[in-house]
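Dock chain B against the given chain A, drawing on the hints supplied.
Going down the list, the sequences are from chains A and B.
Counting in my numbering, the first sequence runs from 1 upward without gaps.
Counting in my numbering, the second sequence runs from 1 upward without gaps.
For the record, the hints were derived by calculation from the structure and aren't laboratory data.
A few of these clues could be false.
[Unchecked claim] Per label pair, the in silico range of CB-to-CB distance: (1) B:13 <-> A:69: 56 to 64 Å; (2) A:287 <-> B:250: 50 to 58 Å; (3) B:117 <-> A:368: 58 to 66 Å; (4) A:287 <-> B:10: 55 to 63 Å.
[To be verified] Rough simulated footprint, nothing fancy, chain A against chain B, three-plus residues with beta-carbon under 8 Å: (5) 72-81; (6) 128-138; (7) 175-182.
All C-beta atoms, glycine included, are put in the ideal place defined by N, C-alpha and C.
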Amino acid sequence: MCDSKMCDSKMFNSEMFNSEMFDSDVKITQGALGRFGEFGGMFVPEILVPTLLALDKAFEEARGDPAFVAEFEGLLKEYAGRETPLYRCRNLTSGTKATIYLKREDLLHGGAHKTNQVIGQALLARRMGKTRLIAETGAGQHGVATALAGALFKMETRVYMGSKDMERQAPNVFRMRLMGTEVVPVETGSRGLKDAINEALRDWAASYENTHYLLGTVAGPHPFPTIVREFQRVIGREAKRQILEAEGRLPDAVFACVGGGSNAMGIFADFIDEPAVKLIGVEPAGHGLHTEKHGATIEKGRPGILHGSYSYVLQDENGQIRESHSISAGLDYPGVGAQHSHLHSIGRAQYIGITDQEALDAFTRLSREEGIIPALESSHALAQALKHAQDAAAPQIYIVNLSGRGDKDIEQVMPYIGGARS
Amino acid sequence: MSQRYEKTFADLKKKGEGAFIPFVMLGDPDTRESEAIIETLIESGADALELGIPFSDPVADGPVIQTSANRALEKGATPDGCLDILARIRKKYEDIPAGLLVYANLVVGKGAESFYKRAAEAGVDSVLVADVPTLMAPPFVRYAQNAGIDPVFIVPPNASDEKLREVAALTKGYTYFLGRAGVTGADQEMKVPLSSKIALLKEAGAPPVVVGFGISRPEHVRASLKAGADGAISGSATVAIIAAHAGDPGKMGKMHEELAAFVKLMKSATRI
Chain A
1 MCDSKMCDSK MFNSEMFNSE MFDSDVKITQ GALGRFGEFG GMFVPEILVP TLLALDKAFE
61 EARGDPAFVA EFEGLLKEYA GRETPLYRCR NLTSGTKATI YLKREDLLHG GAHKTNQVIG
121 QALLARRMGK TRLIAETGAG QHGVATALAG ALFKMETRVY MGSKDMERQA PNVFRMRLMG
181 TEVVPVETGS RGLKDAINEA LRDWAASYEN THYLLGTVAG PHPFPTIVRE FQRVIGREAK
241 RQILEAEGRL PDAVFACVGG GSNAMGIFAD FIDEPAVKLI GVEPAGHGLH TEKHGATIEK
301 GRPGILHGSY SYVLQDENGQ IRESHSISAG LDYPGVGAQH SHLHSIGRAQ YIGITDQEAL
361 DAFTRLSREE GIIPALESSH ALAQALKHAQ DAAAPQIYIV NLSGRGDKDI EQVMPYIGGA
421 RS
Chain B
1 MSQRYEKTFA DLKKKGEGAF IPFVMLGDPD TRESEAIIET LIESGADALE LGIPFSDPVA
61 DGPVIQTSAN RALEKGATPD GCLDILARIR KKYEDIPAGL LVYANLVVGK GAESFYKRAA
121 EAGVDSVLVA DVPTLMAPPF VRYAQNAGID PVFIVPPNAS DEKLREVAAL TKGYTYFLGR
181 AGVTGADQEM KVPLSSKIAL LKEAGAPPVV VGFGISRPEH VRASLKAGAD GAISGSATVA
241 IIAAHAGDPG KMGKMHEELA AFVKLMKSAT RI
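Looking at chain A on its own, in the form it has when it is part of the complex (with noise of 0.2 Å):
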């Protein structure tokens, strides 16, 4: 969507100030960089703008030097282990006339998609002479995938971490401090991801000299929805061929969890402009969207501005911004990626949110059909997408992102299913 060539990325120029072309609703991203429609943008303080203009420039130098794509190309395949499967789900829908395809990137080092755009970022990082990295995490993942390419490419790491999020993923704080990184515990707000971004900016405001901030997802400012997005596309680029191959034809949609949304821009990218394909984003209902336990930023939000950039927000009457709740820490968030503001704005993409029970059971289920274990982010994609295929009249294709998997969420989930059924 937001390719070099379609994306808008005219800066300002003095005329617009006098142009008759603003009107009393005027939007307010109108010809800012890294727009998607209305959304997106870079509102950061004034003192992180010449860092992130860097940081475009850098990565659209890189994108184009082949140096830089083979070694990245070549990370991705022997040390991540690309190219991730596509499974067809044996048992899974049995008496539906659906089948689902799981695009395994449970299956990639570091144990989800993260570390795709991680490696990326970090070969980033290292070409603008940073030498120290900085991240946020919910569900830890991304602090892992930050950890663990910290470690490869020999970088000073800390990730900044919500304390309700260490408690509920500790087996993530451990890997990360196994591999070097400093796991910092942030106590401020509702002590979740969102706090840890904010934490996370604020370090940059200081350290951006040396330091490169390691955005986990396709939120935040420009040009992080579109680098991330890049880096991720890979996941989807593999999908359209393995489907293609495996049935030859594209699938009836394509599923995916949205916390951020870094995992299902990475899938939907390549099948935006394929009209056939349905594009599916799974948000956290939590408790139910009637409660106020939610995450789903997309369904109950309206568009605001948070961590740098104009999208839907969870937030009050007055523009503070809410807590969200998810069982899944990785999805626990109240702001979304600009791009899938704007694909649900022009309704290419269908948000549709998942309760932490619904979850849970799609979390049992696929264990026990077919000897995976998601992630809970996953579990919500999967949930939904188990509702199509049960709904399905006609023969339908499905894939489903399984875009992490769920070891790290062993212990949260044991009280909820206890030993499971004997």
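Then chain B, alone, in the frame of chain A:
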């Protein structure tokens, strides 16, 4: 546009003084006390006011101002309620320039146009949006100027000459010069701005230059003025006095005494 900044800075220049501008969060520690605090600041010699509206996610602020916003929010502060405080102050003090320091989501929350309009009605002279850099400025500038409010922009310490000229052309009322990188806080001192940068700003026609971030002691004010600035803003050091007494009604008297003493001390450093 109001003439308050212009007049205030012109009067100070005549007297050979710089401006001392304290920052406090509207609604901290509660509505009633917040109003009284602002009166104390004015009566103790503040030349202008810089006032925050509490936001849940203030990414440009360090712990002191974050906590200040939380105290206000816990007492139910809303943007409308905050502007009401200011409107009451404006009735008593017609001449003091008052600037708002806010975050973008509070501006667009109920529509940017209506935000600036309500701010103007409350007697606000300028609005600085912490997370709206010059690149994203045009819609905000337009709404501000339509409402008769000066849009203020920040000069970061890493500003190129091009950026200095850009801000000089865009900012109205005054120019906010960052004393250092990072977020607000008194724990790290300001770095003396390069007098060449301030000179370039003035050459480019910038309104009066005020240094903020890391200003907590009289010598910071003196150093700023010596480098060519027209004034200094002190936020975290001012708010820290409120923080030390908030939550204890018995300490409010002492808080006002300390605030008054702090403003007088900092103001005295503007007379050089």
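Comparing the hints with the structure gives:
Between residue 13 of chain B and residue 69 of chain A the Cβ separation comes to about 59 Å, which falls inside the hinted range of 56 to 64 Å. Against the hinted window of 50 to 58 Å, the Cβ-Cβ separation of residue 287 of chain A and residue 250 of chain B comes to about 42 Å, which falls outside the hint. For the hinted restraint 58 to 66 Å between residue 117 of chain B and residue 368 of chain A, the CB-CB distance of approximately 60 Å keeps it satisfied. Checked against the hint of 55 to 63 Å, the C-beta distance between residue 287 of chain A and residue 10 of chain B comes to roughly 60 Å, which is consistent with it.
Under the rule that three or more residues need a Cβ within less than 8 Å of chain A, the assignment of the stretch 72-81 of chain B holds, with 4 such residues. Note: the stretch 128-138 of chain B has 9 residues with beta-carbon separation from chain A under 8 Å; the three-residue rule is met and the coverage holds. With 3 residues having a Cβ less than 8 Å from any Cβ of chain A, the stretch 175-182 of chain B passes the three-residue criterion, so the hint holds.
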